[in-house]
Each structure stands twice: as structure tokens, then as C-alpha cells.
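Undergrad: Take a look at the letters that make up each chain.
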Amino acid sequence: MRTRLAFVAGSLAAFVAASSPVFAQKQGGTLRISHRDNPPSASIHEEATISVVQPFMAVFNNLVVFDPNEKINSPDKIVPDLAESWSWNPDQTKLTFKLRSGVKWHDGKPFSAKDVKCTWDALTGKADEKSDLVRKNPRKVWYSNLKDVTVGSDTEVTFELGRPQPSFLSMLAAGYSPVYACHANGRDMRSKPIGTGPFKVVDFKRNESIKLVRNPDYWKKGRPYLDAIDWKIVPNRSTRMLGFIAGEFDMTFDSDITFPMLADVKAQKADAVCEARPSNVNSNILINRDEPPFDKPELRRALVLALDQKPFNEILFQGHALAGASLLPPPAGVWGMPKEMLETLPGHMPDREKSLAEARKIMQSLGYGPDKPLKTKVSTRNIAIYRDPAVILIDQLKQIYIEAELEPIDTTVWYTKIQGKKYTIGMNLTGLGVDDPDTNFYENFHSTSDRNYTAYKNPEVDKMIEQQSAELDREKRKKLVWDVEKKLIEDGARPVINQNVASTCWTPQLKGVLLQHNSIYNGWRFEDIWLDR
Amino acid sequence: MGSYLTRRFLLMALTLFGMSVLIFVMLRLVPGNVADILVDSAGIADPKEKAKIARELGIDRPIFDQYIHWIGGLVQGDLGFAYVSERPAIEEIAPRIPISAKLAGLALFFSVIMGVPLGVISAVRQNTALDYFLRVLSLSGLSLPSFWLGLLILMASVQWFGMIPIYTNEPRSFIDEMLLLSIPAAAVGFRSSALIMRLTRSSMLEVLRQDYIRTARSKGASQTSVNYDHALRNALLPVVTIIGIEAAFLIGGLIVTETVFNIPGVARFLVEAILWRDYPIVQNLVMLIAFVVIVVNFLVDMAYMALDPRIKYAD
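Quick mapping for you: the protein sequence lines, in order, are chains P and E. Each residue of the first sequence is one higher than the last, beginning at 6 in this note's numbering. Each residue of the second sequence is one higher than the last, beginning at 332 in this note's numbering.
It should be emphasised that the hints constitute simulated quantities derived from the structure, not laboratory data. Hints should not be assumed to be uniformly reliable.
As the list claims (entries may be wrong) - Distance ranges between label pairs, derived from CB positions: (1) I428/E with E280/P: 38 to 44 angstroms; (2) T453/P with I399/E: 38 to 44 angstroms; (3) P265/P with P419/E: 42 to 48 angstroms; (4) F629/E with K427/P: 44 to 50 angstroms; (5) P419/E with A389/P: 33 to 39 angstroms; (6) P265/P with F622/E: 42 to 48 angstroms; (7) I388/P with F622/E: 31 to 37 angstroms; (8) M343/E with P297/P: 53 to 59 angstroms; (9) V356/E with K382/P: 29 to 35 angstroms; (10) I388/P with E387/E: 26 to 32 angstroms; (11) P419/E with P297/P: 48 to 54 angstroms; (12) P297/P with D396/E: 40 to 46 angstroms; (13) H400/E with E280/P: 49 to 55 angstroms.
Stated by the list, open to error - Partial list, computed: chain P residues near chain E (C-beta under 8 angstroms): (14) R192; (15) V207; (16) R211; (17) V239; (18) P240; (19) E253; (20) Q424; (21) R456.
Said to hold, decoys possible - Computed list of chain P residues with no C-beta within reach of chain E, every gap over 12 angstroms: (22) D133; (23) E213; (24) E296; (25) P298; (26) K462; (27) M469; (28) A475; (29) D488.
For each residue, glycine too, the CB sits at the ideal point set by N, CA and C.
In isolation and in its complexed conformation, chain P is listed as follows:
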């Protein structure tokens, strides 16, 4: 009898334990989050900053999305969103989506395949001349292989590609790829957008707040759990941190907590849940290779050899940043090269003295030395996260007879200045919307890209980029990707110093938060998050 009782009690306990996550979620409550700055607009397709994606991703849906229950975004972990399923044609040039029916936009109008076509026509410049759905497109290059979008029926749409491109689905799964409403106009999408997502925009007050409320007609039944999300724009970082510590906010802005600040936050709010993760944002150096003196490849090599990642990492990240090339290294990154391979490349070699000796030798052969230093400027955006590494870089350059002075550039004219080639050396940050070689290589290194700021042009590299892009075998593609990375490093195309790591904190009452570890731009749908209070 006792055994039977124990068995029943045990089974009951096991059942309760197993089922508790299902029953535990509570409906309701307002999530209060601090926002670091004023989003330039609410239109995700028109912007290239997490300041827009993090608050507004919850307003939209994609066709497909990176699995929100997985920390690592990978091509194997893509799940349906507005599309119920998808299929490729045999030669992998046509990607057909079967769409959900019965989905409504926030204004009550029905969603259909026409909206999908409309969105990507706008992104590829094929939209009607009068359409202003998308006024500017920083990710034009993502869709350079997209030839057409055709509508089969209200629930079927096909993307026709010029050649096979396995990364295409990953790009559609990114937070940067929401489907827009065909009947909306650009001005509304920038100020009070409508989507099909779990939250509706109530108000976007510049410099003040963004208020979202639960979409009661959301097609995913039972979601979202939260009644509302209240973003407060608090430009002063100290005020944001103090607000979080005082319980004014339930969550910090993503990656807002630097390592020196993390100790403070934990000391003053011991129950805060904080997670440090790679942001897939890297610090890198821009070199004006078209003008003297850095038009000489030897000089560029000397500069790369002089780089020592350790001081950058220790001073700025207390040793938590990751060494890597332009793609995030494993385990968080899917495509980054292994450590042993990286350490054979200039700027990453473990024997620092040897690298410095070679760099000095090159400098001396070019006529520079302790008595005749090369005088130049390191230009950077006039923001602390850019200026700080620039100062460390200036210090390192002194070791190879380069005397550089800091030139802080007003952030509003930074890209204009860089693309106008009005700099010699620049300190830059680059964030990747998707952990995929195509988004990185095409955006930053392909000769046709708008965002190839250094105007790096190498026909051989262009060809290698296209080759890896079309390769369907994942392992073969990885090897091709590493070859591109090697070539970029050897060319000093945009030498990477660190892959940055930063923390995000939230209150223990906030449940279901799962940060994605290889892109800060994904996983902000907020539909599975709930408040236990």
C-alpha cells in the first residue's frame, strides 16, 4: 500500500513538475524597459540600428524567423512565422512560401501574399514610383540576387533568385526582415507602424516613450502574455542604470551594461538577472587604401601587425571580449574560423614581439623610424564606444613609429566623411544583423555595396564571396568563408580588433527571456515573455 502511495505521489509530483512551465505563465502586466536613445524612426527596413529593431520587432512578423527558443541563430533553426511552410525548387532558385490565412493587420485588413510582394518590391526598388513604403534601404545588398517575387494566390508567394543562395532564408528570418502592409504609407510606418505582430503601437513620442499594447487578434492563440510594453527613452546611461536599480524598469536596453557597470548593478540590485553575451558587433579599423601613405600594402600590413587585442579587451571589456575575424567565432558564432587558424594570421599571432619586430622593419624600410615618425590622424565618431578604442589604437601605433592624433567626427556626418575618403585611419564598429557570411561579406567587403565604407575592391575577393554564397554544402561553404576571411585579413581590408561582449539585465519577476547569442538584432518579439507579479 505504502509503495503504491509513494508511486502515486511520485507520479503526481513528476506530472506537476513537468507541466509547471506550461501552467506557470501569467497573462497580463506591463513590461517597462529603458531605451538608450531616440530611434530615428519606427521603420525597421529603413534603419540599421538596434534602437529601432528592439522596440519595434514585436509589432511585426516575418515570413520565417530564427527559433526564439534557441540561443544560437543558425540556418537549421529557422521556424515558420507568417509562412506555414516553404520549399525550394530542384535547382534552389525558387523559394515558395505557403502563407497563413486569417491573419489580420493591426487595422483589421487581411494579410495576403500581395503584402509580401509589396514589401520586397519596395526593398529592391521595383515598387511603383508613387509608393513611399520604404524611403531608404540600408540592406539593399541583401537582395541583390532576388530577381522577382511572384504571387501564386493569396496564400502563396515565390521568391525567384538569380542563382542558388542558401543564406537567403536566414536573411528572411532576421529581425531586419519584417513583412510590411501594402496599404500602409511610409510616413505611418516611420511614426506609428502597423504590423501583424503580437503588439500594436499606441504611441511613439520622440525623446520620450514608445508604448505598445497587446494585439488581441494576434494569430498565435494565447500570445502574447504581456498586456503592454512601455519603453522609456532615457538618453543618460547613469539615469537608466539607477532607474533599473530602483525598480523603475524591469529590463535594461540590450547590451547596455558594460563589464565595469555590471559589478555596480549586481552590488546594488543583487537579485538582478544579468547575462553577458557576444553582440556580434566588432570593433574594426578603416584604412584609406586609395590615398598616401596607406596606399602602400606594406604599410597596411605593418599597421595590422602592430595590433594587440589584449589591451583593448582588458581595458574595455575586462577580458571578456572575443578574438575573431569579421565573423563571430564559435561556439556562439556559426561561421567564424577556429582559434588555431586565426592565430596564424597577421594581427592575431600570439608572438607579439615577433609581429612588432616585423612591423618596425617594414616601417624602417619605408623610411620611418623613431626620429622620423609617420604623422597622421585616427578619425572616429564622437561617441565614447568609438573614441575609447581609438585612443588605445593611437597608443599601439606609437610602437611602430606612427604618431597619430585623435580626430573625433560629429556622428551625424561620420559616414559621409568616410565615404568621401576624408580620413586616413578610422576606428569603427560593425554589427551584423544575421550571423551569416553573405550579410557580412556583401555588406562590408563586396565592391558593389553601399556600405563598403572603405571602398575595398578586390575582384578576386568578389569572386570568392560569390562562390561561397552559392555553395549549398555547409562544410564546403565554411572552408570557402574562411578563405575569404584570410584574404581580407592579409589585405588589411578592415582589420577586426575584438568581437564585443556586453550584458543585459532584467528583474527576476520577468520570465521567459531568451537572449540570442550571435545577433543582438534578433529575438525581440516579446511574445513568450511574461511577468510573475
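With the hints as your guide, set chain E onto chain P.
TA: Quick look at chain E alone, frame taken from chain P:
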């Protein structure tokens, strides 16, 4: 008096016109315009996209046309469209004005209510321990930057009371709002109160040495009557001038305080608009500030007459 007022109002109109030209030209001399910034903020620098936005916003038109368009609208009460939010500028500016006005008013009230009486006490009790203490207090007020003082207040509130007096939700009542604004107002008004205190002290000391004060004392007037009826009224003229100047300077102090205390007022919004080169917002706000400063100056001049009957503004 009537003709003086007419001249004065004409001068005010001329000053506003001069300001409008100055701010309009200066904004366009600053490198980059909103089209550059909107495109730059997306990490691109495509000249075609910039030109398209510039055309849409009308900033590619000749500068003179743009000025006439703006001033013509302003005269008719049309402030134009904000470039960044793409909403009517009035809708962006109007809700923020009362917040900053209350904050500035409270800060000015705080600085006068603290500065004048403490300045008088300091002068009357010259070279006593209380005078030394008040002088140190006023010196610290002049030397502490308001952003630092604001942060100290926030840190102390979190540490000791577990709360933070920042503006995250709209206050439910006027009293709530005043309570919430009183802390930042004290932070921003502290510097002004210190200045007013020092000026009141030195002015009072000078007046207290005058013959008529001695006469008042010899007539048997009480100490309070001597200090407040005879001395303070005569010592107030320079103080009123400085209060007028400080009222204008408060705008500068508000920028920092609104940022630290997260108050969605006009001053913080103005800085943001300047960074984005949002011309309609900047131009209209600067004109509003200029108007307030001119009116305050006018009121100060009128106050001279009330304080010193000898002053007459001749026709």
C-alpha cells in the same frame, strides 16, 4: 510712456527679426543637414537617397525661399512639419512647453526664495559663523555643475529611499507634478540661488553703509524695518537685473537637468533637434526662447520703475 512702449515693442520686433535671420543662417552653416543625417543614421551615404529626401523636405530650395516660407508660416501660426517625426511641429513642441515652463518657473522661484533672504541674512550677520557658512554654501552652488548635483541627488535617492525621482510616467495631478519637478528644480536653481545670494549680500552691504540707513537707525526704526523696508528695496535693483539674466540662463541649465532627470521638456528636445538638424523644430524653439528672454528683459525694466520711483522712462 506711451511712446517709450511703442519704441520698445518695435525694438522687440526688430530683435526677433534679427534672431530669426541669425538662427536660420547659422543652422545652415553647420555641416550636414537632416537628409545627410537620416541617411547616415542608416549606415549609408548614398547621394541619390539624400537628394530624394532633401527634395521631399524642401531643403534643396534656395535659402531665401526657405526663409520666406518659414517666416510666412510663423506669422500665420503655422510652424511647419518636423523633419524627423514627419508630424506638424506644433504637435511636437506644444506638449513640451508646459513641462519646461513649470520646471523653469519652479527653479526660478527656488533660486529667489533661497537667494534673496539668505543674501540679506548673510549681509546683516556679516563676518559671523552663519555668514561664513552661507558664503561657503553659495560658493559650492556656483562651483557644482547641475548635472553632477542631479546625479548625486539621484544616487542618494536610490541608496537611501530605494526610489528614483525621474519622469517616467505622466503625473496624476498638479501637486504630483510639482513634487516630481521640485527636485530637479532645486538642482537647477541651486546655482542661480547662490549667485543671487552673493549679489544680494554685496548689494545689501553697500546700502547698509549709506547715510540714509544711519538716519533711519537714528530715528529709532527697528532693525527689521531698516533691513527690509529701507535697505533691501534699494539693494534689489541689481538683484532684479541678475534674476532676469538668470531666467534666460536657466534654459541652458534645463538641458542638462532634463536629461539627467529624464524630463521630456523643451530644452532636451531642442538639443536632440539640433543634432538631427530638424530645422523647423530648432528655428521655432529658438524663436520661442528669444521671445521669452525679450519679454523677461522688458518685465525687468518695468520692475525698476516699481522698485525705484526715481526711474522714469521718458517719452
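Undergrad: Give a verdict on every hint.
TA: Now for the hints, and whether the structure bears them out:
1. A C-beta distance of roughly 42 angstroms is found between I428/E and E280/P, which places it inside the suggested range of 38 to 44 angstroms.
2. For the pair T453/P and I399/E, the beta carbons lie near 43 angstroms from each other, so the given range of 38 to 44 angstroms is met.
3. Look at P265/P against P419/E: about 44 angstroms separates their beta carbons, and that is inside 42 to 48 angstroms.
4. For F629/E paired with K427/P, a C-beta distance near 47 angstroms keeps the hint of 44 to 50 angstroms intact.
5. A beta carbon spacing of about 35 angstroms between P419/E and A389/P agrees with the range 33 to 39 angstroms that was offered as a hint.
6. Between P265/P and F622/E, the C-beta spacing of about 45 angstroms keeps the proposed range 42 to 48 angstroms intact.
7. Against the hinted window of 31 to 37 angstroms, the Cβ-Cβ separation of I388/P and F622/E comes to about 34 angstroms, which satisfies the hint.
8. Remark: the range hint 53 to 59 angstroms for M343/E to P297/P is upheld by a beta-carbon distance near 57 angstroms.
9. A beta carbon spacing of about 30 angstroms between V356/E and K382/P agrees with the range 29 to 35 angstroms that was offered as a hint.
10. I388/P and E387/E have their C-beta atoms about 28 angstroms apart, which keeps the hinted 26 to 32 angstroms range intact.
11. As the Cβ distance of P419/E to P297/P is approximately 51 angstroms, the hint placing it in 48 to 54 angstroms holds.
12. Checked against the hint of 40 to 46 angstroms, the C-beta distance between P297/P and D396/E comes to roughly 43 angstroms, which is consistent with it.
13. Distance hint for H400/E and E280/P: a CB-CB separation of about 52 angstroms, consistent with the stated range 49 to 55 angstroms.
14. The beta carbon of R192/P is positioned within 8 angstroms of a beta carbon in chain E (closest approach about 5 angstroms), and the interface hint is therefore held.
15. With 8 angstroms as the threshold, the beta carbon of V207/P stays out of range of chain E, its nearest partner Cβ sitting at about 14 angstroms, so the hint is violated.
16. The interface hint given for R211/P is met, as the beta carbon of that residue sits about 5 angstroms from the closest beta carbon of chain E, less than 8 angstroms.
17. Checking V239/P against chain E by beta carbon gives a least distance of about 5 angstroms; that is within 8 angstroms, so the hint holds.
18. For the restraint placing P240/P at the interface with chain E, the shortest Cβ-Cβ distance is roughly 6 angstroms, inside the 8 angstroms limit, so the hint holds.
19. For E253/P, the interface hint holds, the least distance from its beta-carbon to any beta-carbon of chain E being 6 angstroms, beneath 8 angstroms.
20. A distance limit of 8 angstroms between C-beta atoms decides the matter here; for Q424/P the minimum to chain E is near 4 angstroms, and the interface restraint holds.
21. Residue-level restraint check for R456/P holds (minimum Cβ-Cβ distance to chain E is 6 angstroms; threshold 8 angstroms).
22. With a least beta-carbon separation of about 15 angstroms from chain E, D133/P lies farther than 12 angstroms from that chain, consistent with its non-interface assignment.
23. Look at E213/P: its CB is around 4 angstroms from the nearest CB on chain E, not clear of 12 angstroms, so calling it non-interface is violated.
24. Non-interface status of E296/P relative to chain E is upheld: no Cβ of that chain comes within 12 angstroms, the nearest being about 18 angstroms off.
25. With 12 angstroms as the threshold on Cβ separation, the claim that P298/P sits away from chain E holds: the shortest Cβ distance comes to roughly 24 angstroms.
26. The beta carbon of K462/P is kept farther than 12 angstroms from every beta carbon of chain E, the shortest such distance being approximately 17 angstroms.
27. Consistency note on M469/P: stated as away from chain E, and its beta-carbon is indeed over 12 angstroms from all of that chain's, at 24 angstroms minimum.
28. Against the 12 angstroms criterion, A475/P stays outside the reach of chain E, whose nearest CB is about 26 angstroms from its own CB.
29. The non-interface label for D488/P is consistent with chain E: the shortest C-beta to C-beta separation is roughly 27 angstroms, beyond 12 angstroms.
Violated hints, listed in ascending order, are 15 and 23; each of the other numbered hints is respected by the structure.
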